[in-house]
Amino acid sequence: MKFSLTLPRSFRTGTVVVAVLAATGWALRPLAEPIREELRSAEPAPRLGSLSDALGQGMNVLGGLRAMLADFIYLKACLDWEDTRLDQTIAGLRLATAVDPSSLYFWLNGASMMALDMSNWRVDAEGGAYKVPKARQRQIDREQAALGLAFLEEARRFHPRAPTIYEKMAFIHHIRLRPAAEDEAGANAELLRAAELYHLASTQPGAPFYDVRLQASLLKEAGHFREAYDALVKIYPTLPKAPDDPGYARRPIKNPPPSENEVMAAQAGDVFGRIRDLEKQLGIAPGQGFQP
Amino acid sequence: MNSMAVPFSFARTSLIAGNTFLEAVRQRLFLFLVLLAVALVAGARFFHEFDFGPDGGVPELKFLFDFGLGALIFFGSTLTITATAQLFFSEIENRTALTLLAKPVWRAEFVFGKFLGAWAVVGVFCALLTGLLAVLLWFRTGAILAANPGAFLHGGRIGLGDIAIVCGLQWLKFGVLAMMTLLVSSFSGTNLFSVVMGFFVLVICHLQAFAHQAYTRVEASSVALGLMIETLARVFPDFQFFNLADKVGTEAGLDAGLALRVAAYALAYILVFGFLAVFSFRRREI
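Chains as they are written, first to last, in our numbering: chain A, 1 to 292; chain B, 1001 to 1286.
Heads up, some of the hints might be wrong.
Unchecked claim - Straight-line Cα separation of at most 25 angstroms, DMTMM-like style, residue types lysine to aspartate or glutamate; simulated pairs:
id	chain 1	residue 1	chain 2	residue 2
1	B	Lys1247	A	Glu38
2	A	Lys131	A	Glu196
3	A	Lys131	A	Asp83
4	A	Lys131	A	Asp117
5	B	Lys1247	A	Glu260
6	A	Lys234	A	Glu184
7	A	Lys280	A	Glu196
8	B	Lys1103	B	Glu1285
9	A	Lys134	A	Glu184
10	A	Lys134	A	Glu153
11	B	Lys1247	A	Asp87
12	A	Lys234	A	Glu260
13	A	Lys76	A	Glu184
14	B	Lys1247	A	Glu184
15	B	Lys1247	A	Glu33
16	A	Lys76	B	Glu1049
17	A	Lys220	A	Glu260
18	A	Lys76	A	Glu196
Calculated from the structure, these hints are not laboratory results.
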């Protein structure tokens, strides 16, 4: 029998093709690597930490239509939420945000579900609020709040200047973590953290007027009257007091003038009243306080 | 007649490309995909009802852009793979390739002619959808601004230039995909095999970013292993480079320099895959 060492033509062609492609890949490194780095630095790196994250980004393979796909995944997560299926809801929320991280709606509602709703589900699953010891309930609240806050931290990487993310974080600290604190000092710390987050929200572009009011309100509740007063005094001159207010400095466009709705939302009169109340609490004499 | 007896001719290449283009636009598949894609883009406004984002403003424009681009990418990829394979195999199956290549025509002219014809068809498709998407976004931007003059104060407006760049990059990506399909067709026996392989290659190229990251995470125990892993990660082009759509409407905006580099990357791969397709096709017996 005669053996031949000659390789089939198709194999040789295939080898040449693979070799040339590999060489091309190497040769194009100086062009490709900066592009890869630039894309990676501009956007968070692909999240391969969990199966749902990897699956979600794998669905981006064909590009586009992500918003629509993510909507349907979110809808499924909402159905799981209705049936209080904790794991499936979290998985669905993670998948929806992995497919389309640009939708703030998914992040904000997802964080609420994780931090606020799910702790109730867990307490119910362990026997209900009357049966489960308070300490255990607080522990569950803290665990779920941490999950929601971590979800919002992830959202912040995609939406670094969205005030709503900071507002939601502040809300979780105020509503969920403060009552779940072990002692008074812990509760106060949560209140101050919430106030700090409302302040951060107020510094983002397009932030609503009420962020500073909430910040001041929480500071006052924590006994930090001076900080509350300073925050309100600082914001007051920028609030629109009337639809034709010439001193309205908050919005960087001249026309059109502030609308009726914006004037109502700003609640300049209410802010002024709070300033005067704080002056009384701080012992500032009439006439020595803030002059608009 | 030996085709090498005559020099390579761009005129003959463009003649083949022209005929391929005409053949392609007469196909029902092309018209069907164009109609579907146009209907989808034109109806994007109604599909917004399925979106959870608020009406008006940045989220709505982002949804419309994403939806329109999705239609372009999905149907464009389908058109590129199926049309390229079909146009190539129609010549082989109808025996017209035999007649053509019996004349003093280079196989390189045939391959590049087929490519240019198919790419032109995809170009028409992209131009049509890009124009439609631009009109849709322009119309909605105007309507949103009329309702709320401050809607785009903090960014989020999608510029027509950005739309053109993003869609243009997709067209270049389709060029690479068409050449890859031609490379597969140059040795494949059936149209179906080429089409299926074309879709596989599309998925692989889109997953290159993940593959690259996964490979770089592997702690190679030796230099040789590391080299092998790195080489494997570089065999296919990375199609994620062409997805610059996420930068549109952001504060940073689209970087034209980056887009140019991605375009150069695509053209380099088109040439390399082209030469490989010619190399493979030269050895094929028709």
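Results of checking the hints against the structure:
Our distance criterion of 25 angstroms between C-alpha atoms is met by Lys1247 (chain B) and Glu38 (chain A), whose separation comes to about 12 angstroms. For a cut-off of 25 angstroms, the pair hint linking Lys131 (chain A) to Glu196 (chain A) is broken: about 35 angstroms separates their Cα positions. Between Lys131 (chain A) and Asp83 (chain A) the CA atoms are separated by roughly 22 angstroms; this keeps the pair inside 25 angstroms, and the hint holds. Our distance criterion of 25 angstroms between C-alpha atoms is met by Lys131 (chain A) and Asp117 (chain A), whose separation comes to about 18 angstroms.
About 35 angstroms separates the Cα atoms of Lys1247 (chain B) and Glu260 (chain A), which puts this hinted pair outside 25 angstroms; it is violated. A distance of roughly 30 angstroms separates the Cα atoms of Lys234 (chain A) and Glu184 (chain A); the hinted pair therefore is violated under the 25 angstroms criterion. Simply put, Lys280 (chain A) and Glu196 (chain A) have alpha-carbon atoms about 24 angstroms apart, close enough for the 25 angstroms limit, and the pair holds. For the hint pairing Lys1103 (chain B) with Glu1285 (chain B), the CA-to-CA distance comes to about 16 angstroms; that is within 25 angstroms, so the pair holds.
Only pairs whose Cα atoms come within 25 angstroms are accepted, and Lys134 (chain A) paired with Glu184 (chain A) is accepted, the gap being roughly 16 angstroms. Proposed proximity of Lys134 (chain A) and Glu153 (chain A) is contradicted: the alpha carbons are some 28 angstroms apart, above 25 angstroms. For the hint pairing Lys1247 (chain B) with Asp87 (chain A), the CA-to-CA distance comes to about 33 angstroms; that exceeds 25 angstroms, so the pair is violated. Only pairs whose Cα atoms come within 25 angstroms are accepted, and Lys234 (chain A) paired with Glu260 (chain A) is accepted, the gap being roughly 23 angstroms.
At roughly 40 angstroms between alpha-carbon atoms, Lys76 (chain A) and Glu184 (chain A) are farther apart than 25 angstroms, so this suggested pair is violated. As the CA atoms of Lys1247 (chain B) and Glu184 (chain A) are separated by approximately 46 angstroms, the hinted pair breaks the 25 angstroms bound. The suggested pairing of Lys1247 (chain B) with Glu33 (chain A) holds, with an alpha-carbon distance near 19 angstroms, which does not exceed 25 angstroms. For the suggested pair Lys76 (chain A) and Glu1049 (chain B), the alpha carbons sit about 17 angstroms apart, so the restraint of at most 25 angstroms is met.
As the CA atoms of Lys220 (chain A) and Glu260 (chain A) are separated by approximately 29 angstroms, the hinted pair breaks the 25 angstroms bound. With a CA separation close to 35 angstroms, the supplied pair Lys76 (chain A) and Glu196 (chain A) exceeds the 25 angstroms bound.
Of the hints listed earlier, those the structure fails to meet are numbers 2, 5, 6, 10, 11, 13, 14, 17, 18, in rising order.
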